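Participant: The chain contents come next:
Number of protein chains: 2
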Amino acid sequence: MCKSTDGDKLPANSTLVPGAGSVHLSAPMLWGKGIIHDFKECVWQHWWKEMINFNQKTVAVTLLVFITVIAPTLTFGAVYGKSTNNNIGAIETMLATSWIGITYALIGGMPLCVIGSTGPVLAFTTALFNIAKNLDVPFLTVYAWTSVWLVGYAFLAAFFDLTRFVRLATRFTDEIFALIIVSIFVLDAVWDPFSETGLFWYLSPGHQSHAPYENDPDYNHLTSALLSILLGFGCTWLIFFFRGFKFSEFFCNQSIRTMVHDFAVIGSVIVFTIVKQFGFPDVPTETLNVPAQFEPTYKCCDASCRTQWPMDCADQGAPFGTRPWFADFGDLNGKGWVPIMCAAPAIGAFLLLYLDNGITWHLINHKSHQLEHGEAYNYDLMLSGFFNMVNGFLGLPWLVASTVPCIIHLQALAETDRNGNILSVQETRLTLLFSHLLVGLSMLVLSALELIPLPVLYGVFLFMGLSSLPKIQFWQRFLLFFKQPAVWPSTPYTDWMKKLRIHKYTVFQTLFFALVFVVQNVKVISIAFPFMVFLCIPARLFVLPKLFEGWELELLDGEDEQIEEWVDAKEESIRNFEKRRTVSMGEESDNDTVNQNSEKQDNEMEKSEEADV
Amino acid sequence: MCKSTDGDKLPANSTLVPGAGSVHLSAPMLWGKGIIHDFKECVWQHWWKEMINFNQKTVAVTLLVFITVIAPTLTFGAVYGKSTNNNIGAIETMLATSWIGITYALIGGMPLCVIGSTGPVLAFTTALFNIAKNLDVPFLTVYAWTSVWLVGYAFLAAFFDLTRFVRLATRFTDEIFALIIVSIFVLDAVWDPFSETGLFWYLSPGHQSHAPYENDPDYNHLTSALLSILLGFGCTWLIFFFRGFKFSEFFCNQSIRTMVHDFAVIGSVIVFTIVKQFGFPDVPTETLNVPAQFEPTYKCCDASCRTQWPMDCADQGAPFGTRPWFADFGDLNGKGWVPIMCAAPAIGAFLLLYLDNGITWHLINHKSHQLEHGEAYNYDLMLSGFFNMVNGFLGLPWLVASTVPCIIHLQALAETDRNGNILSVQETRLTLLFSHLLVGLSMLVLSALELIPLPVLYGVFLFMGLSSLPKIQFWQRFLLFFKQPAVWPSTPYTDWMKKLRIHKYTVFQTLFFALVFVVQNVKVISIAFPFMVFLCIPARLFVLPKLFEGWELELLDGEDEQIEEWVDAKEESIRNFEKRRTVSMGEESDNDTVNQNSEKQDNEMEKSEEADV
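Protein chains in written order, with UniProt numbering: chain A, 1 to 613; chain B, 1 to 613.
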C-alpha cells in the first residue's frame, strides 16, 4: 500500500521529517542530582494524594495483586529451597516480598511496580551458592558480603545517573520484552515445555503434582487433570465474561458495571475455588506449596548450626532448632580475603539488578500507559540496592521489579476504552501497601492459602496473557503474515509502507524475540536473559538503521507524536503536489487525480472510524 | 422514553395509522385449489434449480444436518422401543426418517423442513399403544387403521385450506415457540432437570450413562463426566471460534474464510471426536444408542409372532425371528368394530400432525428468513398424511416437521451479516436429500456411529441455542429487565413506547412462555404442547388488544414494513407540528424546540450507526 509511487515529483519520504527514526540519549543528571530529582518529582509531590485515593478499585486491586503475588512467591520459595539447600526457602521469600513491598509502597518512587523474585536472580543466587560451597565458606556469609558490594555499586550507578541508558530502549525492545512476558503467562498457564507447569501437564501421569498420591488407590490422575483443566479455562472464561459487562447496558448504572469489571478476576477465583472445594471436595488438585510454619527454613543439627537437619544428622529425630535470622559476617572459615573477593560476583548481581529493574520500569512507564507521576529510576535503583543489602544480611532472597505482577497491577488500576487502550491510571501507593500487608498476614494463616487451587490461578495467568496481546503492535504485525493484504487494518505503517518492508521488520524483530525466548527458557543460560533483552537496544540503534530508512523506523518504532508529525508532513506534501499539478496542467485534465485523492482520504476516514468503534 | 408527552397538540399515536396492530385471516383457497397452488408455486417453479445448486455449502450442510438428525433419531428410537414394547424401535425410526427425508426432498413443498420424531407424537403413540393393549388387539393393527383415518383427515384439511389459520400466528406466538426451542437446545445440552440429559448430568453417579460400567473397577464416573464436560463446552467454543473467522481479515480471501465458517460445526465435531478417540481412548463417554443390526426391533417367540422374545418365552435361547414389516389389517382378535373406532384417536393424531407441522412451518417461513420459494402448507399437509399412512402400514413411527433440525438447516444455508441477520438463504433440495441418504446408508455401518461422543453433539446443540438467542426480540425485551433504562438499545418500541408498557407486554409474553414451557417439559401433559402453542394465537387476537393500543402492538408485534410505516407517520407528524408552531408563534420563541428536535434526531442517527457496526 505504498502510496508514494507518484515518483520523483513528490518529495521523498525520507526528507519529510529531518532526523526521523533516530534515538537520542537524554542529558545526564550526575552527582546524585538524578536521585534528588526523582525523589522530588515522584515521592514528594505525589505522596499524599497517592496515600488517600482509596476507593472500590483499591480493594479489588489489592486482592488481585495479593493472589498474583502469592503464587510466584511460594513457587520461587520452593525452588530457592532446593537450589540453596534451604538456606533460603519459602518463608524467607514471603518475608522478603512482604517487607520490601510494604516499605517500597511507603517510600518508593514508582509504587505501581511490584517487587519480587525473578528467574535470572534465582539463577544467579544458585551460582553464588555453588561458589560458596567450593570455597567452603558458609553461603549466607558470602551472600551477606556480596550484598554489601551490591548496594555500593547500586548507589554509584544511581549517583551518576547510569539509568538514563535504559531510556534508549524503544518500542522495538519494549514489545519484544512484552511478548516474552505474554509467552510466560500463556505457556505457564497452558503448557510450558520447559518447566512442566501449565494445565495440560496434569494429563501426564508422571507429573510431579500426582506424586503425593502415588499409593492412593482412590486417586485417579485423569480426574484431577480434567478437573484442573476445567477450573483453569473456566476461570479464564468467567473473567472475560465479567469484564465484558463494563461496556454493556446491563445493571442499573455504570458504577455497578465498573465494579463487576474491577472484581472480575478476584470474583472468578472465588467462584472456581468454591466450585472446587464444594463441588469436588474429594478430587485433589494441585495447591500452592505452602510452608508449614513461620520460622527460617534451614534446620540445624546442633547449637552451632553448622550442619543441616536431616541431611547431615539423619539419625537425629528432630532438629535442634533453626538458623539465626542474621548472617555471621565473620564466619569465613579462616579465609579473610573472601569479603574482598565478593566484589567480583557483586558486579554480576548488580548488572542483574540494574537490567531486571530497568527493563520492567521502562515497560511500565511506556507512554501509552498515561502515567503522570514520573519516573524514578535513579532513586529506586538506590532503594533497590538498600533493600537487597538488608535481605543479604538476613538471608532473604534478592528481589527486583517483577514484570508480570507489575503489568497486572498497572492494568488493574487503569481505566481503558473499549479497545483496551489506557485512558488513565489511578496512581496509588495503597494497593501495593495493602496487598503486601496481606502477604505478611498470610504468614500467620499459612494453611488457608492451600484452599486456592493452583489451576484457578493458571486461569488468571492465561487471562492476563490473552488480554494484553491485542495491545502489542509487534503481535499485530506478526498476525499480518496470516491476513489478506487487501483488508489489512489501517495503521500508519500499513497505510504508507510497502508490505514486504513491514514483513521484513517483523521478521527481524521475531528473530530477536526467538533469541530472547530461548535464553529465557533454557535453564542453564537463563541467567543471561536480561542481557539478551538489553542486546535489543544496540540492535535498534546500530543495525536497524542500516536495513530501514529513518521514516520507516519512525512509523514502526517512533512515539505517537513523531508518527503523527510524519503522517501530517506526508499528507501536506501530497496536497501541495496535487495543487501544483492542477495549476500547471489546467483544471480539466486533472480532475480525476484530485477526485481519486479525495476518495482515498474518504476511504481512510471511513477506515479510521471503523477502527474507533 | 415515550416521546409523545407534548400532549393534545400532536396527533394521538393511535390515530397515525388506522387499523394498526390488527391481524387478518387470508382468503381461503377451497376445493383443493390450495394444494394445486402450493404445488405450482413451490415445487413446479423451483424444482430444477433447487436440484442443481450444488456447492461447498451443500457438503457442509449435508454433514451438519446428518449429525443433528441422527442423534435425536436414535434417542427417540430408544424411547419408542421402551414405550411400545419394541413394536417400534430405533431401526424403525431410522428407516422412517431416511425414506421420508429422501422422498420429501424430492417431492416436498418446503424442502428446508426436516421431518422427524417429536415429543408430542411420541406421547400420543404411547397412549395409542395402551389403548390397543386394553382392547387386546395387536398394536400394529390399531396403528395401521388409525393411519388410514389420519390420511383422510389430512387430505380433507388440505382440500379446504384449513392451514390458513396457522398464518394468524404473529411474532408473539412465533417467538414464544422459538424461545421454547432455544430452551430445549440449551437445557438438553447443559442440564435438563426434566429428562436427565445434558453435560452436567454426567456428574451424577447415578446417571444412566454410567450404568454399563457399574462393575468395571477401572471406570471412574467423575473422569468420564469431566471429560464429557470438556468435550462439550470445548466443541461449542471451537464452533464460535471458527465461525468468527468469517468477518475477520485472516486467510487469503473471503472464500476460505467462508469455508471455515461453513464447516465450523462439522470441523469442531471432528476435532473433538479425534481428541476423545486418540487423546482419551480409555475413558468411556456416552455414545449414541445404536441398534445392533438392520431388522425389525420386535423379536418373536414363534412363527405366528403373537408373543415377544424374550419377555413371553424367557426359557427360549434365541428368537424365532422378527415381526414382518407389514401390519396385518385383519388381525382384530374378532373385534370387527375396531377399524371404525380408530376414527376417534385419529382425530387426535391429525390435530398433532396439523399443529406440530404448522408451528414449525410458520417459524421457518418467518419473513425475516428471506425465503423466496413460497409456502406449501396444504400440499405438505397432504404429503405428511400420506407419508404417515405408509409408516402406519409398516409399523414405523409417525413423523412431522421437526423444529430443531429445521432451524439448524435453515441457519446453515443462510448468508448472514455481522449481526446474524439473514440476508439470503440458499434454498435447495440437495442437502435434505443427501443428509437423509446418509441416514439410510448409516444403517449399513451402524457401529461407526458409535465413534461420535454424545457430549460433542451436546456442544453442537449448545452452540445452536446460544447462536439463535440474539435474534429473538422476545429475549432482547426480556433482557431489558436487567438493563439500565437510560442506555437501552434503540429500537422502534424503546424509542416510542413507555418503558413500563414494554415491560408489561414482556411479562404477559413470559407468562405464556412459562405455560408452554411447563407443558412441554412435564412428561404426562407434554402431548398438549402443540395445543398450548396454538393457544397463543387467540391470546394475541383477543386478549392483547384489550391490554394494549393498536399502535403499541404494531411496534412490538408487527411486520417490519408496518413498523416502518408507523414510525414514518409519527416522525412526519412531529415535523408538521413543529412547523405549525414555528409559524404561529414566531421564530425566536421556538428555536429551542426545533434545536431539541434536531438534536434528538442526531442522537438517534448516532445510535443507529453504532448499532450497525
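No wet-lab data here; the hints were simulated from the structure.
One thing to keep in mind: the hints can contain errors.
Copies of the same chain look alike in the list, so a pair counts if it fits in one copy or across any two.
Unchecked claim - As a list, the in silico DSS-like pairs of lysine-lysine whose alpha-carbon atoms are at most 25 Å apart:
{"#": "1", "residue 1": "483", "residue 2": "246"}
{"#": "2", "residue 1": "471", "residue 2": "246"}
{"#": "3", "residue 1": "498", "residue 2": "471"}
{"#": "4", "residue 1": "246", "residue 2": "499"}
All values reported here derive from a predicted model rather than from experimental measurement.
Participant: Each of the hints needs a verdict: does it hold here or not?
Facilitator: Here is what the structure says about each hint:
1. 483 to 246: Between. Shortest inter-copy distance 12 Å satisfies the 25 Å Cα cut-off; intra-copy 30 Å does not.
2. 471 to 246: Answer is both; intra-copy 19 Å and inter-copy 22 Å each pass.
3. 498 to 471: Within. Shortest intra-copy distance 23 Å satisfies the 25 Å Cα cut-off; inter-copy 42 Å does not.
4. 246 to 499: between (37 Å within a copy, 23 Å between copies)
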